[in-house]
Amino acid sequence: MLDYFYAYNKKRKTVGAFTMLEIIVAVTILSLAFVGIMTHILTTQKGAQATIEELKAIASAADMIDRIKNSDYEKVKEWDKANDNTVFADLKIDEKKEMQKVDDYESSVGTMQGTKFKRTVTVKEIEEKFNDGSSEPMKMKKVLVEVAWKVSSKDEKNNMVSRDVKIKLYTLIRKLVN
Amino acid sequence: MVEMLVVVVLVAIVLSASYQIFFSSYFFVRSSEEKLQNVHAVSVLLEGLRYELSSLPDINNLKDDFSNNPMNWVSEFAYEKQAYDEKGQQKTPTDISYKHDSQKNEVVKSIGTHGQAPTTQTFGRGRISSFQVLHNYDAKDPKYPVYIRVMIDTISDQKAKVHVEATIYPRLINRNLVLKTAM
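The listed protein sequences correspond, in order, to chains D and X. Per our numbering, the first sequence starts with residue 1, numbered consecutively. Per our numbering, the second sequence starts with residue 1001, numbered consecutively.
There's no promise every hint is true.
Claimed, not checked - Below, simulated BS3-like cross-link-like pairs (lysine-lysine); rule was C-alpha separation at most 30 Å, straight line:
#	chain 1	residue 1	chain 2	residue 2
1	X	1081	D	175
2	D	92	D	116
3	D	175	X	1140
4	X	1161	D	116
5	D	101	X	1143
6	D	101	X	1140
7	X	1087	D	69
8	D	69	X	1143
9	X	1099	D	101
10	D	154	X	1159
11	X	1063	D	96
12	D	97	X	1063
13	X	1161	D	97
14	D	92	X	1143
15	D	116	X	1159
16	D	46	X	1161
17	X	1081	D	69
18	D	166	X	1161
19	D	77	X	1143
20	X	1161	D	150
21	D	92	X	1140
22	X	1099	D	69
23	X	1143	D	97
24	X	1140	D	96
25	X	1143	D	141
26	D	92	X	1063
27	D	166	D	139
28	D	168	D	139
29	D	154	D	118
30	D	118	X	1159
31	X	1143	D	124
32	D	97	X	1159
33	D	175	X	1087
34	D	75	X	1143
35	D	75	X	1140
36	D	118	X	1143
37	X	1140	D	97
38	D	96	D	69
39	X	1081	D	97
Calculated directly from the structure, the hints in this document are not laboratory data. Being a predicted model, the structure only gives us computed values, none of them experimental.
Taking the hints into account, I'd like the entire structure generated from these sequences.
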């Protein structure tokens, strides 16, 4: 095999080199391979960033659920997607000491762009019957805390688009009875 | 000659691009891995604290050096955990403490019963650079709701620092509406 190769090169009067076309094809293949690898790496990076955002969103939703559970039943009003300003004012939450407002709070993680969270609270009073419906109906409040933020990514046409991401936590509260 | 020059230029471009791609991808992979490890370390610690502190039965169960210092950030605290058996009989109380080890970047939880050597459990896997806790309970002027704030920072290797703040409300204390000391 090698003898044939050397004989072929002697005939060509040139010693083993690549043609322009070969190099261009090789460079193109390499570039395509790199694009694939880079896409996967960037996806992983975005996944890690999304996990951090989700951790923070869950922590801030859990904070609010905890706060509502520890508040007087009457003070928890029937809010409809109330933002932090309304809830903090109604429950008299001290934003400097007690709990951080997350509305438009920018979370910066490393070199990634900041994320703006938005927390809303929805409360609806409901009546529930227990003991197979034989007991007196009991008034309860169904609480929904949502934390939403935007995630930017590229669409199929390579344009930057932002989509809404949201986490939801529910709880029920009732009046204390002795 | 022209062919040669074009080839050299192309090879230089490809080499330079691949050098940059390899280094940036190395950074990206390391950064992603660090971020996920940091998130895991913080979430495990935070969920454990939320579970334990939200069921804290009494502020008096907190040890004096913590309970006597409201609105002060501390990196260690301890409390006495009361438990009851099925018949309502009180079990031997357990001493629980959390302490940040700044050398190892970990939070050490120590669980001990009276007269026995404590067992320890570590959180953070060497990633918690700062752990601080604060509470608002002032025995002279108790206010509701009683809360405990937690602030956790991780190490910032590969720019993957994670900072999380949370407020935990001890449910039983706040539901009793009157603190034991104020009764």
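| field | Hint check against the structure, violated hint numbers in rising order | value | none
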